[in-house]
Amino acid sequence: MVKFISSCRYTSCRAFLSTLNELNDYAGQHEIIAENLTSQIISELTRYIQELKAERKSYHLEGHVNMAKVQLKPG
1 MVKFISSCRY
11 TSCRAFLSTL
21 NELNDYAGQH
31 EIIAENLTSQ
41 IISELTRYIQ
51 ELKAERKSYH
61 LEGHVNMAKV
71 QLKPG
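As numbered in the UniProt record's numbering, residues 1 to 75 make up the sequence shown, in order.
Be aware that a few hints might be false.
Stated by the list, open to error - Below, in silico cross-link-like pairs of lysine to any residue (SDA-like), each with a Cα-Cα straight-line distance of 20 Å or less:
#	residue 1	residue 2
1	K57	M67
2	K57	A68
3	K73	G63
4	K73	E62
5	K53	I42
6	K57	R47
7	K69	S58
8	K73	L61
9	K57	L45
10	K69	Y59
11	K53	V65
12	K57	K73
Stated by the list, open to error - Derived Cβ-Cβ restraints for the label pairs, each shown as a range:
#	residue 1	residue 2	range
13	N66	L37	36 to 44 Å
14	E51	L23	39 to 47 Å
15	I33	E55	29 to 37 Å
16	R56	L20	49 to 57 Å
The set of hints was computed from the structure by calculation and includes no laboratory data.
For clarity, every value in this text was computed on a predicted model and none was experimentally measured.
Glycine residues also receive a C-beta, built at the ideal position from the N, C-alpha and C atoms.
Using the sequences and the hints given, assemble the complete structure.
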C-alpha cells in the first residue's frame, strides 16, 4: 500500500512538472507574440504620430497666414 501511495505521488509530481513545462512553453509563445505585436504597433503608431504632427504644423501655419490676412484687411 505504501508503495502504491508513493508511486501515485511520483505520478502526481510528474504530472505537475509536465503542466509547469507546458505553462512555461505557453508563456514563451505569449511573450514572442506580445513582442511582435508591440513592435508592429509601435512602428505604426510612430508613423501615425509623425503624420499628425505634420498635419498640426500645417494647420498652425495656415492659421498664422489667415490671421495675418485678417489683420492686413482694411476695415
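Now for the hints, and whether the structure bears them out:
The hinted pair formed by K57 and M67 meets the criterion: a straight-line CA distance of about 15 Å does not exceed 20 Å. With a C-alpha separation of about 17 Å, the suggested pair K57 and A68 falls inside the 20 Å cut-off, and the hint holds. At roughly 15 Å between alpha-carbon atoms, K73 and G63 fall within 20 Å of each other, so this suggested pair holds. For the suggested pair K73 and E62, the alpha carbons sit about 17 Å apart, so the restraint of at most 20 Å is met.
This hinted pair checks out: K53 and I42 have alpha carbons roughly 16 Å apart, not beyond 20 Å. In summary, the hint linking K57 to R47 is supported, as the alpha carbons are separated by about 15 Å, within the 20 Å threshold. A C-alpha spacing of about 16 Å is found between K69 and S58, which places the hinted pair at or below 20 Å, so the restraint holds. Annotation: proposed proximity of K73 to L61 holds, straight-line Cα distance about 19 Å (limit 20 Å).
Pair hint K57 plus L45 holds up; C-alpha atoms about 18 Å apart against a cutoff of 20 Å. For the hint linking K69 to Y59, the alpha-carbon distance of about 15 Å falls within 20 Å, and the restraint holds. At roughly 18 Å between alpha-carbon atoms, K53 and V65 fall within 20 Å of each other, so this suggested pair holds. With a C-alpha separation of about 25 Å, the suggested pairing of K57 with K73 is violated against the 20 Å cut-off.
Between N66 and L37 the beta carbon distance is about 42 Å. The supplied range of 36 to 44 Å therefore holds. At about 41 Å, the CB distance of E51 to L23 agrees with the hint of 39 to 47 Å. Judged by the Cβ atoms, the range 29 to 37 Å given for I33 and E55 holds: they are separated by roughly 33 Å. In this structure the supplied range 49 to 57 Å holds for R56 paired with L20, their Cβ-Cβ distance being about 51 Å.
Checked against the numbered hints given earlier, the structure breaks only hint 12 and satisfies all the rest.
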